[in-house]
Every structure is written in structure tokens, then in C-alpha cells.
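Q: Here's the letter readout for the chains.
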Amino acid sequence: MPSLKTPRFTRRHALVLGAGALAAPWIARPGFAQGDAIRIGSLTPNTGGGSPFGPEIAEAHRLVVELVNSQGGVNGREIILTQENSETNPEVAVRAARKLIDADRVMAILGTWSSSVTLGVMPLCQEANVIQMCTSSSESIPAGDKKGLLFDFQALNPAWGKAIARLAVARGFKEIAVMGINNDFTTSMIGTFQQSLEEGGGKVVNEPFLYNPNQPSYRAEVERLIAGNPPAVFIPSYVTDFTAVYREIFRSGYEGQVITISLSTGPQFKEAVGEAANGILHGFPVPPVGKDTFDAYLRFVGLEPNGQVQRPFGSAGYDQINTLLLGIAKAGNLDPFEVAKAIFAISNAPGERVTTYAEGAEKIAAGAEVNYDGASSSVDFLPNGMLASRDFELYEIRDGKDVSLERITSAS
Amino acid sequence: MTAYLVAILTSVGFYVVLALALNLQWGLTGMLNFGLAGFYALGAYASAITTELGGMPFLAGFAMAIVVGTLAGLAVAGLSARLVGDFLAIATLGFAEIVRFLALNEDWLTRGPRGFPIETRPIPEGLSREASAWAYLGLVALLVVVAFVIVERIRTAPMGRVLRAIREDELVPAALGKDVFRFKLKAFALGAALAAAAGSLYAHWVQNISPDHFTTALAIGVWMSLIVGGTGNNRGVLVGATLVMVILEGSRFLTGVVPGLDAERLSALRIALIGVLIIVTVRFRPEGLLPEPRIRLETPAKGA
Amino acid sequence: MQTILNAISSAAIIAPAAVGFTLLFALFRFANFAVGALMTLGAFACWTLNVPVGLPLWLAAPGGMAVAAAGLWLADRLAYAPLRAAGGATLLLVSIAVALVVENALRLGYGGQIRGFDLPLSRPWVLGPVRLAPEQLGVIAVSAASVAGVMLWLSLSRWGRAVRAAADDPTLAAVRGVPVGKIHAAGIAGAGALVGLGGVLAGVDLAIEPGLGWALIIPVLAAAILGGVGSPMGAVLGALLVGLAEEVTALVMSPSYKAAVGFVVIVLALLLRPYGLLGRELVRK
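Chains as they are written, first to last, in our numbering: chain E, 1 to 412; chain S, 1 to 304; chain A, 1 to 285.
Calculated directly from the structure, the hints in this document are not laboratory data.
Since we're looking at a predicted model, the values are computed, not measured.
Glycine included, C-beta positions come from ideal geometry on N, C-alpha and C.
Heads up, a few of these hints could be off.
[Said to hold, decoys possible] Label-pair restraints from in silico Cβ distances: (1) E/Glu369 x S/Gly126: 35 to 41 angstroms; (2) S/Leu171 x E/Gly191: 58 to 64 angstroms; (3) S/Ala141 x E/Gly191: 53 to 59 angstroms; (4) A/Pro62 x E/Gly191: 48 to 54 angstroms; (5) E/Gln308 x A/Trp159: 42 to 48 angstroms; (6) A/Met253 x E/Glu369: 47 to 53 angstroms; (7) A/Arg84 x E/Lys147: 58 to 64 angstroms; (8) S/Pro158 x E/Asn214: 42 to 48 angstroms; (9) S/Ser128 x A/Leu251: 35 to 41 angstroms; (10) S/Asp169 x A/Leu152: 52 to 58 angstroms; (11) A/Pro62 x E/Asp292: 53 to 59 angstroms; (12) S/Leu171 x A/Leu251: 45 to 51 angstroms; (13) E/Glu396 x A/Leu137: 28 to 34 angstroms.
[Unchecked claim] Coverage of chain A stretches by chain S, computed from C-beta distances (three or more under 8 angstroms per stretch; other residues unrestricted): (14) 87-93; (15) 262-270.
[Claimed, not checked] Computed list of chain S residues with no C-beta within reach of chain E, every gap over 10 angstroms: (16) Leu53; (17) Leu83; (18) Gly115; (19) Leu142; (20) Leu171; (21) Ala175; (22) Leu218.
Construct the complete structure from the given sequences, taking the supplied hints into account.
A: Here it is in C-alpha cells:
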């Protein structure tokens, strides 16, 4: 006898729930422009490992689209931007990309951050001739782009390794032990780090090794890293595990130099670790702080320039949407291959320097060549869609702040 | 839009095959396999390695996936057949995580976290994108049909009765002289083979696999399909898997509709609600939407 | 020597939660996967008292433990208790659902960024060939004291003995007039507090974020299973052995294999000795 008290979840309830979920897309969207509109997809890591950076990229995309639409769109066409969350997980990202490509009919997907996500959605985008713009650093990326439709706004791993090694040598550290997190970008970074270190007259002591994140303790890893008390250690990692690793290093009594990448040492890390963070050296590909383009971007998103790197990835998102729109303006149509060619043309020399969409569109309409100079870099592309160069900056943490020590421009 | 729906249906198809496999192992036989994602992953990687590193055609990869899946299923079942209930669940979970761990760390073979790109496809080259999508859906549908037929046949056959008896209380069929161990072994290995076959097809569909594709979250989704749809009932599994996928994908369209929550919070809310849904379903409708059909016992004709 | 000390440090974080887990298993006859998420809840609660509210850590910690116990009680009331009659398998699944809900409720409330206690990092004392940081000593001491306290309570106090009786044989205990409802409440309070403490101890070393539980549940599970579910002493022993296995693996093989140790221990223990080193077969459905 069914209980009279407990409500029964019946088949009917399930059907209603299911129908509701299916109908949601048509109910939720009040109506969208047909025909001539330009459809663009923004796929950013709003949760997961990339969550400190996804929202700023998405924001840049959104604000520029709003601005350009308010100025009449691109060649009179409205831009429709659809934003999705990649959750920094390739399986989720692929499903989101399918929706963007097949349901929202986008011609480009911008904003992927993690290399495994960019690589994960690449087969889909290549098959559908969808332009991709990312800020990923894995070396496998140029190889996967067989149609010339991908533009990477981040320096590749080998460049990171090289730049950090040169900066380390310049600071006088010749013997360095290395340990990195096991994920999609560290292995090639460590390889070039070692190579560049040796070219600079230094060497990696002990065997470099990888560690897995999400562990309850990193004592054993740290023990191995500091065995023999090397003068310096290099630890490319993410903030969650670096926090635990650094605590371990400190508590183990190691007093040598700790070098890492700036992804691990954001404000959360400094807050969690406090004073003990002082002295850490970290490096990162950075937007050109102090340059007019970067300052303009900051003001555009409502921040004031303060001499520090703010929104390291948002500036790249800003450049992504600008170059895409300029490419469309120049191509005069939405054919992905024409647009891709046009993107090369408007980003690289020769051409008059432009820094916003409005500026560039005006000149293009007048028949002139343009060279887009970006907020995250000078945005000049090699033929394979990778950046020709990007600035690197090395910082030291002093009194809880990042103090810039050196900046170099590293070729990809 | 059709291409998107075709893709969704294809995803549902994979879910369904996995859920049917789990239904065979748990719904019918009572073996709690939390490590389903492990067999799925094994099939995917085995197929990928065979075709990409070994240069062989898709069918070879598919066959290899089934072989590896069956062997792994036999091994896991053989070693853990003595375990019951949650102990088995934990052991199989351990197995799945070990598979994921190996996939992550043995990157000389599996390309680790960077992802394993796969070129070989089971459909003819040169098809348009639309046609490819439909062709793939067709393949997956074929696998679903085959899996469904296999699992239904088993359910209604004498083997099914023995498996159900094992699920209720192992001692009874043992006392009746059935080799319980062999039955469990067969059921588990068959389920594992099905999961591995699905894995192979999946790998060549997404064309880039990494350990992140085979997480416990996937296993939980498959579980939900079973619980919501009806444990033990294969038709229910179809309903459940479709419903789960609809909820997972449909809720994607809700971003922007719910005010005041950023993407991170919304994502957390979604997952929390899924957890609540599982608890509510288990509490108020444990048999799922379509309860297990009762097997009619043959009643002797009157007067016989 | 340092390896052994490191193993003890790792075990110290895991042991209280493992004892809590095994108590819950003994009382309620299922593997409560939500323990990981409840540890995270304890860590967050302690952090909230420690950082925004400003209490010193030694005051915030009991707060964290109380919140974890309350969370466990709530989960029991809403999710587990109505399903007491269902098998261990169903409850295991429900506990995973509870873990999802707790973790994402934390994410909803606190966001995904990492937090840390207001605890300055300090350099270690060097005692001969070994190094020991003061926080490590604190963690080990608190962990040992709590676990010892619980075991004494179980063997010496009236309530503790009643809990053990109910754990060993619930029907017999009920027949003899032991108030099973109250016993369950006491068990939940104790186990919840231990689990919360585990979360606080973890927060001293690791970054506090909503997903913390998943990293911790595996060693906890491994320790409890290895030691024998139902045996608190076994859980402690299990924690030590698992910690040692991890350290040795990292030393002898590559450290990236350390993460597999927990799973391998679980699988091997279940296959070879399901009732662990010190457990006995518990009457189960």
C-alpha cells in the first residue's frame, strides 16, 4: 500500500521535467536576429582550474561586442555573442562547442584557455571550419591546426621555459632543481628550461620530475626536490597545489631560491601564505604594462592602470575579439578562410597602426592597410597562427607585492 | 540545430550503452560496479593506440577494445567476486581510478593530460559534416540496438533468472548447484566488454581523448540514468539516460536566464541539484520510472 | 628517519577522519563517502571563524568540528535515516550524492578560490637528522590526542561502551535496553567532530577549496579499509601504513606514483583481506 504521506515522484513528473528542460532554449531566448548577423562563440573557463581567468576573458568579449554593436556593428551587421563555460574540462568543452557550432551556428570560438580544452575542441572546429582563438601554450597546438584557422594569443611553452631560464641565469642561479605539476603544459616547458639553462652556462641538478595534484601531502615530492640543497628550484604549477607545496618547502627549512610561474602566485596564494611568500621569483608572459594599448584596455573594463599586471588574460580576450571583427570587416564576408587570411593581414605589418576596432574599421573602409597593435602583445602572427613574440616579465614578491625585476621580449 | 540534436542523441547513445552494461552488472546481477568509467577508458585508449600507434583500421581498434575490456572485466570480477555490496563498489572505483592514473602518467603511451588525437574514423572519408554526423549516429544506434538485444535476451533467458537470484541472495542459487562464480564472471565481463566497445566508438567520435573524459562524474551520470529510469529494466534505462542527458544539456541553456549568479555559482547549483535529485529519487521512487517487469511464472494449466 | 616522520605527519591528518569513518561504518553499516566533503565543510567553517571573524585557530577549530558534526547529522536526518533499511550499496550512492551537494553548496557560498588559515609559516626545528616544523608537531599532537581520547571514551565511558555495543550488534543492544536512537546521535556527534578535525588539520597544510574532499577521501578510505572497517585502532594503524606506503613509493619510484598508492592499497586490501588487519566480519544485510 503506497504511503499517503510521502509524495510520489511519478512518470508524469519526469516527463514534465524533461519537456521543460528541452523547451528551455526556445522559451528562454526572447528572439534572435536571423540572416545577416555575425555569430561568435565565447568558450571560457569560468569554473575549474582556469576559473581565475575565464571571467575576465568573457567580459572582454562581451564588452567589445556591446560597444561595436552600439556603433552599428561590422559593416552594418549585428554581432551575436554566445558565451559558454568550458569548466576547464575538455569533455565538457566539446559538448559546449557542439552547441555553439550546431545550435548557435557560430563562425568562431574564442577564449579557450587550457591547452587540453583547446586541443579537445580542435577536431570539431577543424571539421566545421570554425575559427579558433585561444590563449593556450601547448606545443601540440600548431600541429593540430591543419586549415590555418587557429590564432593563439599566448606564447608557447618552449618560450616560457627559455625566458624563465634566461632570467634565472641573469640573476645568477646556475644550479636549479626542477619539479612540475603533471598537466598539459609543463613537460615541454621543463624541456626548454633545461636546454636554455644549459646554453646559459647553468644546469639542472637532480632529475626533473612531475607530481600529481590533488594530493593530501607533498612532503615526499619536496624532499626529493630539495635533496642536496640546490641553490634554486623551479616549480611550474597551479595555485592550489603550489600553495601546499610551498608551505612544505618552507617548513622543510629550505632556504634557497624558489622560482615558479606567475599562475601559481596570485593574490589568493599571497593571502594564504602571508609573509613567507616574500622572496619568491616568478615569471609569466605579460601584456605590455605601461603601453597605451594596455592602459586603454584597462580603462575600457573599468580599471585604472597601476603599473602592475592586471587581467593578464582579459587583455588577450580583448585582442581576440578585436582582431576577429577587423578580419571580418576586411574580408567583407563570413567565409572562414577569407576571414582567417584577413586576420593575418590586419594583425601584421605592413599597415597603419590601429588599436581599436573603430579605428581599424574606418581605415579599412578607406582602403588602407592596417596593423593591429594589441593590449596583450603586439599581436603579430607567424604563418602557423602563433604569436611572433610576447613580453615576459620576472617578478620578485616583496612585502606581499609583485615587484617587476626584468622584462624581455621572447620569440615564440 | 539539427546537427546539435544529432550530436546530443549520439551522446545519449553512449550513455545508454554504458547504462545497459551497468544494468547487466548491477541491475540484474547485483554487482556494484563503480568503475564503469575505467572500462570505458580502457576501450577508448586501446582502440586509439591500436589505430594511431599501430596504424591499423578502425575495426581492429574496435576489436582490440572489446578484447581488452573483456579481459579486464574477467580480471576484476575474478579477483573481486567474493566481495559484496559497497566493498565491491569501492574496489571497482579503485580500479577505475588506477586506469585513469595510468592514462595520466604513462604518457609515452597515452599522451597523458595533453590529449590523444585520433585521426581514424569508422565512417567513409569525404562525407560532408552533416552526413558524417548522421552516419555516426547510425553507428551508435546500431551499438545500442545490439547491446539492448544482448542484455534483454539475457534478462529473459534462464541465465537472467540465475543472475537475479544471485542478486537477491547468492546462497540460494549456490545451494541449487549453480556455479555462482562463473555466472558473475560472465555477466561482469560482458558488461565490461560493452563499455569498452562504447569507449572505442566514443574515442573515434570526439577524436581527442584525455583522462578528463573518463571521470567519476560520468559514472555518476550513468548511475543516475539507471536509478531514475529503473534498475533492472532495460527500457527504463533508455528513458533514464535520455532524461539525464536532457537535464545536463538543457540546463546549459539556462545560463543567463537565472539572474544574480555568475557562471561558477550556477554550475555549482546545477551539480548540487543533481545530487539532490539522486537523493530524492532514491528516497521516494527507488525503483525508478519504469520498475522492473515481473517475470510471469508459468502457472500449471487447470486440471493438469 | 625523515621518511618515517613524514609518514606520521601525513597519517596525522588522515587518522581522525579514518576513525570517524570507521565508527560510522560500524554503527550504520555503510561506507559514507560524504566524509571527504564533510572534512571540507569543517575546514571552511574553521576558516570562516578564523579569518573573517578573527578567532585564533585553536578557538576556530572546535567551531569547525561542530559544524561538520552538524552537517553529518543533517545529512543523516534527511538522506540516510529514511533509507536505513536499504542496502549498503544504495547508501553508498546516496552518500556520494550528499558529497556532491555539500561540496557544491560550499562552492556556491564561498566560490572556488583557495583560502588559508591565519597561521604564519615557520621554519622547522632541526633535531639531529630530522626536521620538524612546529605546525607539524601541533598537527600530530592534536591528532594523536583526539584519536586517543576517542578510543579511551569507547572503552571506558558508559556512553562509549554503549556505542561499541550498538556497533557490534545492534539488535542485541536494543534488546538489552540500550537507547539506540541516542547512541546513533552520540556516534554521529563523535564521528562528525573527528571528521571536522581532520578537515581543519588538512587546512593547515593544503589549500582550502571546495574540491578538497576528493583528495582526502581516498587515503581515508584506504586507511579505514586496510585497518579493518569497524575498528578504530585499525583505522589509526591503516593511516600510518598508508602514509608510510606513500612516502616509500615516492622515494623508491617516481613521486608521481604516490597518488596511485591509495587506490592500490584499497584494491589490494579488499581483494586479499576484506576485513582488514584488525577488523572482523560485521553482521550486514
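Q: Run every hint past the structure and note whether it holds.
A: Each hint tested on the structure:
1. E/Glu369 x S/Gly126: 35 to 41 angstroms: holds (38 angstroms)
2. S/Leu171 x E/Gly191: 58 to 64 angstroms: holds (59 angstroms)
3. S/Ala141 x E/Gly191: 53 to 59 angstroms: Between S/Ala141 and E/Gly191, where Cβ atoms are some 45 angstroms apart, the hint is violated.
4. A/Pro62 x E/Gly191: 48 to 54 angstroms: 49 angstroms Cβ-Cβ, so the 48 to 54 angstroms window holds.
5. E/Gln308 x A/Trp159: 42 to 48 angstroms: Violated, at about 58 angstroms.
6. A/Met253 x E/Glu369: 47 to 53 angstroms: violated (59 angstroms)
7. A/Arg84 x E/Lys147: 58 to 64 angstroms: Given a distance of about 60 angstroms, which is inside 58 to 64 angstroms, the answer is holds.
8. S/Pro158 x E/Asn214: 42 to 48 angstroms: holds (47 angstroms)
9. S/Ser128 x A/Leu251: 35 to 41 angstroms: Taking Cβ atoms as reference, S/Ser128 and A/Leu251 lie about 57 angstroms apart, which means the hint is violated.
10. S/Asp169 x A/Leu152: 52 to 58 angstroms: Check failed, 40 angstroms falls outside 52 to 58 angstroms.
11. A/Pro62 x E/Asp292: 53 to 59 angstroms: holds (55 angstroms)
12. S/Leu171 x A/Leu251: 45 to 51 angstroms: Holds - the Cβ-Cβ distance for S/Leu171 and A/Leu251, about 46 angstroms, lies within 45 to 51 angstroms.
13. E/Glu396 x A/Leu137: 28 to 34 angstroms: holds (31 angstroms)
14. 87-93: n = 7 at 8 angstroms, threshold three: holds.
15. 262-270: n = 5 at 8 angstroms, threshold three: holds.
16. Leu53: Holds, because the least Cβ-Cβ distance between S/Leu53 and chain E comes to about 16 angstroms, which exceeds 10 angstroms.
17. Leu83: Label holds. Min Cβ-Cβ 25 angstroms, cutoff 10 angstroms.
18. Gly115: violated (5 angstroms)
19. Leu142: Check passes; 21 angstroms lies beyond 10 angstroms.
20. Leu171: Correct as stated: the minimum Cβ-Cβ distance to chain E is 30 angstroms, above 10 angstroms.
21. Ala175: holds (33 angstroms)
22. Leu218: violated (8 angstroms)
In summary, the structure is inconsistent with hints 3, 5, 6, 9, 10, 18, 22 from the numbered list given earlier, while agreeing with the others.
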